[in-house]
Amino acid sequence: MRGSMGPVIKAIGAINILIALVMLIPAMWDAFVVAGALFPARFIDGSAAFEGAAFVLPVWLTPISSAFLHGGLLHVGLNMMMLAMIGPNIERILGRVGTIALYGAGMIFAAAAEVAAQPHSMMPVVGASGAISAIIAAHALLFPRERPKPVGPIPGGWAHAIKLMIGWIILNLMLGFVGPGIGVQIAIWSHIGGFAAGLMLTWPLLRWKYRKA
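If you count by full-length UniProt numbering, then the sequence shown holds residues 1 to 213, one letter each, in order.
Calculated from the structure, these hints are not laboratory results. Among the hints, erroneous ones may be present.
Only pairs whose alpha carbons sit at most 27 Å apart, straight line, appear in this in silico BS3-like list of lysine-lysine [claimed, not checked]:
| hint | residue 1 | residue 2 |
| --- | --- | --- |
| 1 | K209 | K10 |
| 2 | K209 | K149 |
| 3 | K163 | K149 |
Please model the entire structure based on the sequences and the hints provided.
Set out below in structure tokens:
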């Protein structure tokens, strides 16, 4: 399926790119990261380390704010390119509300996975890749290359979702192993958490959209 981007995908892309451009202003990147990045330790150890900062968002908002911050134009460009490639299909099928719900759930699940995996980390986590991972999962579920087949007593749909999750985990663990060697820090747990959100919510959101059909 191909077509023009819907309003939700356009808005998400525009907001991310605009914020990324503002963050290019000298000193703005540090200020934005301190204010809105996801610091897992804040959820466990509190925010005492940020007492001297000019402005810091409440910790419960950072799973959302961090998803709109990026480490540079290449970072935001790669994320928005992926969103532009598959997002329109998801918005066309799930609708505006369903797409917003899926993207938002991707943010929350991504943040939860990071906090669970690294509860005392003060490494800032930024980027939309966790939320976009939910979109990728939805696309993989809705557009399989072939009809999913059952595996023993496991129905085809469930087997397909399990295979996707296992494959995504393996891929991201590999990226996490290779990334530091080439100077790239990859929030693999965000990717895994967001993908899990997509697998869990795609069919419920689709049924909700067509509940009156």
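Against the structure, the hints come out as follows:
| no. | hint | result |
| --- | --- | --- |
| 1 | K209 <-> K10 | holds (21 Å) |
| 2 | K209 <-> K149 | holds (26 Å) |
| 3 | K163 <-> K149 | holds (11 Å) |
Hint compliance for this structure: every hint is met.
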